[in-house]
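K.L.:
Chains as they are written, first to last, in the numbering used here: chain A, 1 to 326; chain B, 1 to 419; chain C, 1 to 315.
Just so you know, these hints were derived from the structure itself, not from any lab. Mixed in with the good hints, there may be bad ones.
As the list claims (entries may be wrong) - Pair ranges (Cβ atoms, derived):
{"hint": "1", "chain 1": "A", "residue 1": "Phe279", "chain 2": "B", "residue 2": "Ala415", "range": "28 to 36 Å"}
{"hint": "2", "chain 1": "B", "residue 1": "Leu298", "chain 2": "A", "residue 2": "Ser161", "range": "26 to 34 Å"}
{"hint": "3", "chain 1": "A", "residue 1": "Val171", "chain 2": "C", "residue 2": "Leu265", "range": "53 to 61 Å"}
{"hint": "4", "chain 1": "A", "residue 1": "Leu300", "chain 2": "B", "residue 2": "Lys280", "range": "44 to 52 Å"}
{"hint": "5", "chain 1": "C", "residue 1": "Val157", "chain 2": "A", "residue 2": "Leu276", "range": "51 to 59 Å"}
{"hint": "6", "chain 1": "B", "residue 1": "Pro388", "chain 2": "C", "residue 2": "Phe284", "range": "39 to 47 Å"}
{"hint": "7", "chain 1": "B", "residue 1": "Lys280", "chain 2": "C", "residue 2": "Tyr114", "range": "28 to 36 Å"}
{"hint": "8", "chain 1": "B", "residue 1": "Ala312", "chain 2": "C", "residue 2": "Ser151", "range": "32 to 40 Å"}
{"hint": "9", "chain 1": "A", "residue 1": "Leu158", "chain 2": "B", "residue 2": "Lys178", "range": "52 to 60 Å"}
Stated by the list, open to error - A few chain B residues that face chain C, going by a derived Cβ cut-off under 8 Å, partial list only:
{"hint": "10", "residue": "Gln207"}
{"hint": "11", "residue": "Leu210"}
{"hint": "12", "residue": "Ser225"}
{"hint": "13", "residue": "Thr228"}
{"hint": "14", "residue": "Ala256"}
{"hint": "15", "residue": "Phe260"}
{"hint": "16", "residue": "Thr277"}
{"hint": "17", "residue": "Thr350"}
{"hint": "18", "residue": "Ser353"}
{"hint": "19", "residue": "Ser357"}
Stated by the list, open to error - Not everything, but these chain A residues come out facing chain B in the computed CB check (under 8 Å):
{"hint": "20", "residue": "Tyr141"}
{"hint": "21", "residue": "Asn148"}
{"hint": "22", "residue": "Gly149"}
{"hint": "23", "residue": "Gln151"}
{"hint": "24", "residue": "Ala155"}
{"hint": "25", "residue": "Asp197"}
{"hint": "26", "residue": "Gln285"}
None of the values given here were measured: they were computed from a predicted structure. C-beta atoms are modelled at their ideal positions from N, C-alpha and C, and glycine is treated no differently.
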Amino acid sequence: MQWSHNMRFFQSYAMKKQLWIIVVIIIAAILPTIIGAFWINVAVEILIMGLFAVSFNMIFGYMGQLSFGHAAFYGVGAYTVGLLMAKLSIPFSLSLIAAMLSAGAFALIIGYFCIRLTGIYFAILTLSFGQLIYYIVFEWYSFTGGDNGLQGIAAPHLLSSVTAYYYFTLVIVIAALIVMWYISRSPFGYTMRAIRDNANRTRFLGINVKRYMLINFVIAGAFAGLAGGLWGPFNQSISPDLLNWTESGIPVFMTVIGGSASFLGPMVGSIIYTFLNAFVTGFTQYWPLIIGIVIMLIILFSPGGIQGLIDKWYKHSDSSDENIEL
Amino acid sequence: MSMKRREFLELTGIASIGSLLTSTKGAEAASDPRTYSLGVELPSTGAGALYGGDGIAAIKLAADEINSSGGFLGRYPIKLSIRDTHTRPSVAVREARDLILREKVRCILGTYSSASAVAIKPICEEHKVLHIPAISNSENITKIHFSPYTYQVGPNSYMQAKAVVLGIAKLAKKKGWKNYITIASDYEWGRSTQSNTVALLKQFAPQLKLKKEYWPKLGETQFTSYITAIMAQKPDFVIGSIASKDNVNWLKQAKAYGFFKKIPYPGSLISVSELITQAKTITRGLIGLSRAPFFAHLNVPMMVNFVKNFRAKYNRYPSDWAVMSYDSVYALKQGIDKAHSINSSKVKDTLKSAIISTTRGKLFFRCIDNQLSCSSYLGVIADDSRYPFPIYHDLVEVKGPESWRPEEEIVEARAKEKR
Amino acid sequence: METGGRNSGSKSEREEITGESMDFSLIFSQFLSGLSRGAMLFLIASGLSLIFGVMNILNFAHAALWLVGAYLAYTFWNLLQPYGFSLWVSIPLAAVALSAIGWAIERVLIRRIYNRTLSEQLVFTFAMILVIDNLIKIIWGVQDKAIVRPSIVASPVFIFGAPLDSYFIFVIFTGAVVAIGLWWFLSKTKYGHIIKAAVFSREMVSALGIPVPKIYTWVFVLGIFLAGLAGGVQAPIGSITLGMDNAVIIQAFIVVVIGGFGSLLGTLVGSIIVGEIYAFSILFWPDGAMILIFVVAAIMLIIRPWGLFGTPMRT
Numbered sequence: 001m002q003w004s005h006n007m008r009f010f011q012s013y014a015m016k017k018q019l020w021i022i023v024v025i026i027i028a029a030i031l032p033t034i035i036g037a038f039w040i041n042v043a044v045e046i047l048i049m050g051l052f053a054v055s056f057n058m059i060f061g062y063m064g065q066l067s068f069g070h071a072a073f074y075g076v077g078a079y080t081v082g083l084l085m086a087k088l089s090i091p092f093s094l095s096l097i098a099a100m101l102s103a104g105a106f107a108l109i110i111g112y113f114c115i116r117l118t119g120i121y122f123a124i125l126t127l128s129f130g131q132l133i134y135y136i137v138f139e140w141y142s143f144t145g146g147d148n149g150l151q152g153i154a155a156p157h158l159l160s161s162v163t164a165y166y167y168f169t170l171v172i173v174i175a176a177l178i179v180m181w182y183i184s185r186s187p188f189g190y191t192m193r194a195i196r197d198n199a200n201r202t203r204f205l206g207i208n209v210k211r212y213m214l215i216n217f218v219i220a221g222a223f224a225g226l227a228g229g230l231w232g233p234f235n236q237s238i239s240p241d242l243l244n245w246t247e248s249g250i251p252v253f254m255t256v257i258g259g260s261a262s263f264l265g266p267m268v269g270s271i272i273y274t275f276l277n278a279f280v281t282g283f284t285q286y287w288p289l290i291i292g293i294v295i296m297l298i299i300l301f302s303p304g305g306i307q308g309l310i311d312k313w314y315k316h317s318d319s320s321d322e323n324i325e326l
Numbered sequence: 001m002s003m004k005r006r007e008f009l010e011l012t013g014i015a016s017i018g019s020l021l022t023s024t025k026g027a028e029a030a031s032d033p034r035t036y037s038l039g040v041e042l043p044s045t046g047a048g049a050l051y052g053g054d055g056i057a058a059i060k061l062a063a064d065e066i067n068s069s070g071g072f073l074g075r076y077p078i079k080l081s082i083r084d085t086h087t088r089p090s091v092a093v094r095e096a097r098d099l100i101l102r103e104k105v106r107c108i109l110g111t112y113s114s115a116s117a118v119a120i121k122p123i124c125e126e127h128k129v130l131h132i133p134a135i136s137n138s139e140n141i142t143k144i145h146f147s148p149y150t151y152q153v154g155p156n157s158y159m160q161a162k163a164v165v166l167g168i169a170k171l172a173k174k175k176g177w178k179n180y181i182t183i184a185s186d187y188e189w190g191r192s193t194q195s196n197t198v199a200l201l202k203q204f205a206p207q208l209k210l211k212k213e214y215w216p217k218l219g220e221t222q223f224t225s226y227i228t229a230i231m232a233q234k235p236d237f238v239i240g241s242i243a244s245k246d247n248v249n250w251l252k253q254a255k256a257y258g259f260f261k262k263i264p265y266p267g268s269l270i271s272v273s274e275l276i277t278q279a280k281t282i283t284r285g286l287i288g289l290s291r292a293p294f295f296a297h298l299n300v301p302m303m304v305n306f307v308k309n310f311r312a313k314y315n316r317y318p319s320d321w322a323v324m325s326y327d328s329v330y331a332l333k334q335g336i337d338k339a340h341s342i343n344s345s346k347v348k349d350t351l352k353s354a355i356i357s358t359t360r361g362k363l364f365f366r367c368i369d370n371q372l373s374c375s376s377y378l379g380v381i382a383d384d385s386r387y388p389f390p391i392y393h394d395l396v397e398v399k400g401p402e403s404w405r406p407e408e409e410i411v412e413a414r415a416k417e418k419r
Numbered sequence: 001m002e003t004g005g006r007n008s009g010s011k012s013e014r015e016e017i018t019g020e021s022m023d024f025s026l027i028f029s030q031f032l033s034g035l036s037r038g039a040m041l042f043l044i045a046s047g048l049s050l051i052f053g054v055m056n057i058l059n060f061a062h063a064a065l066w067l068v069g070a071y072l073a074y075t076f077w078n079l080l081q082p083y084g085f086s087l088w089v090s091i092p093l094a095a096v097a098l099s100a101i102g103w104a105i106e107r108v109l110i111r112r113i114y115n116r117t118l119s120e121q122l123v124f125t126f127a128m129i130l131v132i133d134n135l136i137k138i139i140w141g142v143q144d145k146a147i148v149r150p151s152i153v154a155s156p157v158f159i160f161g162a163p164l165d166s167y168f169i170f171v172i173f174t175g176a177v178v179a180i181g182l183w184w185f186l187s188k189t190k191y192g193h194i195i196k197a198a199v200f201s202r203e204m205v206s207a208l209g210i211p212v213p214k215i216y217t218w219v220f221v222l223g224i225f226l227a228g229l230a231g232g233v234q235a236p237i238g239s240i241t242l243g244m245d246n247a248v249i250i251q252a253f254i255v256v257v258i259g260g261f262g263s264l265l266g267t268l269v270g271s272i273i274v275g276e277i278y279a280f281s282i283l284f285w286p287d288g289a290m291i292l293i294f295v296v297a298a299i300m301l302i303i304r305p306w307g308l309f310g311t312p313m314r315t
């Protein structure tokens, strides 16, 4: 909201951030040569869950609505890839595209109803739809394997090593992030922000608010589906708990940790969450206790998440920037 | 001032990334070749906590015993890494990877739910790590998607179903039963046990008609609606496949409805855990099924010794889950002894078709599916003056080779899988 | 402990019931089991609905606290076990003890998030679940706990030939007492009027010089008292286990969605609807009980987001 900042300073700050991103990408590229196999697995998980969280933030950060059923799209993507690869032997790359399409289709149907509601009702309706799909997957034994899930989802031979899979995931995730970034910078993205800040005013401007919200919902669902699609071959199996509401909480947590006010905040959240998870479970079984306390502390003392904290320090500004930044 | 802050931030950023990288590197290097790292994946929360806790206790006991004589081969003390799977397959997979890659385990014992077992099986095979499920017993663990690294030391769901069917076929003839209802937990084990039982009943007692099947979800806390629905339909008997804490809830609530007084309930899984935890309330006279009741093998010195040590350490009797988990450690030990190596690839080869000593006597692994030739047990629940809880009387032991799935059916199932 | 001697009676009973009467007894027994399930849900959801209605905070951790209540009831029962009345004392004791915990939680934590966005409140109470569940694990361990019921509620009763677990008579009775008690409190007492007024307009209440934060504290405590009571009542039904709260919170949400946020009558009706859907879908579509419940909830949210008895003012 406050454009009165020193523009030069702002630019240098943005440039600094871009510099940081280049540094991070370089680190990501050489990472497998530095760290061991276990941490490469963790890195793959960070990327996949980060993509999932960034797609969640399309709804949360840009549209201002809290979805508690985002795991449904993630799970639909995972099952699309799983079913196509394990039962029909469709190539991985095609399955991934299909995962985006099917998750997008589900998002279209579910979103059609959800975008009519806001606030608490939106949260609970997405939760209800998510649970509905979860129970269907769980009960439909002949098709989805029920609780057993699907086994034998092997990545193509070229990607069978974890390092290869890491690079593959890295490329896909970066590509997806770039696409989402451009969407968020496009007139469409700014319209979404206008809707978030004041839906009525936007409507008076002659914009079909519902249609914009639905498109955004579908985009978010499709990218969640892509993330889910990457998950199956990584684990060689999938199970219905990928769709459960507790799974929907994970991108929410990541976004809260990283900060919803910035595009890459959820990815930062994923790095922290997943790394902490891998690190902490090594020596205590009380991982949920630790992450629960972390989340509560962040909400109490640093509502903007880690990114918000950094931005605040950089800008010496008490009000966090309302516009979503990188 | 601002510069300082920024610099500080950048420095901390770089420093934290640096330390992150070095710490990850360091953590990985810290694997000691002088110990035998043994992974355990059992839930201490969620639906499987009741059985999982006993499994962990028995594994700890076995590890202590082996370590007191220097460990495996007398020189590799066992280092246990125990992880909680929360009865969730996706958690089980992550933990399996963690155990293999970071803790450098050579073998993973456990998982409670069969869905977790089938999920971690390919991970273990990929990294050439032995996998002994012990508590999970869906036959799909060893029947299809076969992994040479996976060994099953408990009777699988087919063997258990067959044992029940043989018992029920006899009872049905005697009592003139005509129809029945099934109630099974809606997950891999419940599903496969129920379908095997129904298929085998068709074969051995074709006069019986399946009236209806019920699938309460895993983790159900209130079975009342199922209980009343089943009672109102008045079947001649009911077969249940419900496990762990769900089973405790189910038995407790069904009893409060007078269910077992009205409807025979033969051959459902009632392990020693249920006998102990519901010592006061469980219905006497029920015909139950058990996987490894310690009191069936008190003629085996290894069992006597195990019960004595388990009681000394934990001040309670071991359940089926403890017995099988204990045997899984000793199966591993015998494989290592025979291979003269802790290399899991070698151990898996020596265990192939091997005869091993267990608390349940001398048993062998079948070549085609690495299934131990262990028995299933049926009996009538009755009080016993020797124990503070009821045990099985008139115990019928159905041996492994009498009850396991014929090899040609396994070959057929695998051929179908490959297609 | 054993209650024998019913065998001969039930045999003849079984032969008498034929044709139409069997259908009736089937439907009636499903109705009763649905009612008892509904009563349990009402006990849980009433506190959730009250807190949301007055404070506008949807407490994700409500069922986690409910589970703490069940564990507390177990602990009290265990301590008082030598006495015959232990169960009946331990249930209200659990409710009171949990209220104290609720009071502390409100003062230390919830108070700080009143002015936050809805999302922050939701995520905050969601994180509380993780903390509470783990604290339960640390305090009570991983082994399941079970209360042995006194003999008076250990055997079934038969109502028109339909069996009912006699403990559920107590559950249904408690549900009814809570419903009537809350109704009386909200519509007949001074404090009740203030709370009802606060549901509609916080500003108005505070303009009247009534300290809103104080009301919030006590409403929260009352809501958590109900959660503790519900936990205590739940304790003897089956075994008390970790993670039991996960499925329950979602069902409680569904109840509140169907009945309407902040409406006591709505919560009551919603509970019975969900309980009965569950009981009857088992007859007709055994696999689909949960699916059906979420379908009903989704339809309700789509056509009438404020529920059957709620008011459409909050979005």
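K.L.:
If a hint holds in the structure, say so; if it does not, say that too.
P.N.:
Evaluation of the provided hints:
| no. | hint | in the structure |
| --- | --- | --- |
| 1 | A:Phe279 - B:Ala415: 28 to 36 Å | 45 Å, violated |
| 2 | B:Leu298 - A:Ser161: 26 to 34 Å | 51 Å, violated |
| 3 | A:Val171 - C:Leu265: 53 to 61 Å | 57 Å, holds |
| 4 | A:Leu300 - B:Lys280: 44 to 52 Å | 47 Å, holds |
| 5 | C:Val157 - A:Leu276: 51 to 59 Å | 53 Å, holds |
| 6 | B:Pro388 - C:Phe284: 39 to 47 Å | 45 Å, holds |
| 7 | B:Lys280 - C:Tyr114: 28 to 36 Å | 48 Å, violated |
| 8 | B:Ala312 - C:Ser151: 32 to 40 Å | 36 Å, holds |
| 9 | A:Leu158 - B:Lys178: 52 to 60 Å | 59 Å, holds |
| 10 | Gln207 | 21 Å, violated |
| 11 | Leu210 | 13 Å, violated |
| 12 | Ser225 | 4 Å, holds |
| 13 | Thr228 | 4 Å, holds |
| 14 | Ala256 | 4 Å, holds |
| 15 | Phe260 | 11 Å, violated |
| 16 | Thr277 | 7 Å, holds |
| 17 | Thr350 | 36 Å, violated |
| 18 | Ser353 | 38 Å, violated |
| 19 | Ser357 | 31 Å, violated |
| 20 | Tyr141 | 6 Å, holds |
| 21 | Asn148 | 4 Å, holds |
| 22 | Gly149 | 6 Å, holds |
| 23 | Gln151 | 6 Å, holds |
| 24 | Ala155 | 11 Å, violated |
| 25 | Asp197 | 29 Å, violated |
| 26 | Gln285 | 5 Å, holds |
Of the numbered hints given earlier, the model fails hints 1, 2, 7, 10, 11, 15, 17, 18, 19, 24, 25; all others are met.
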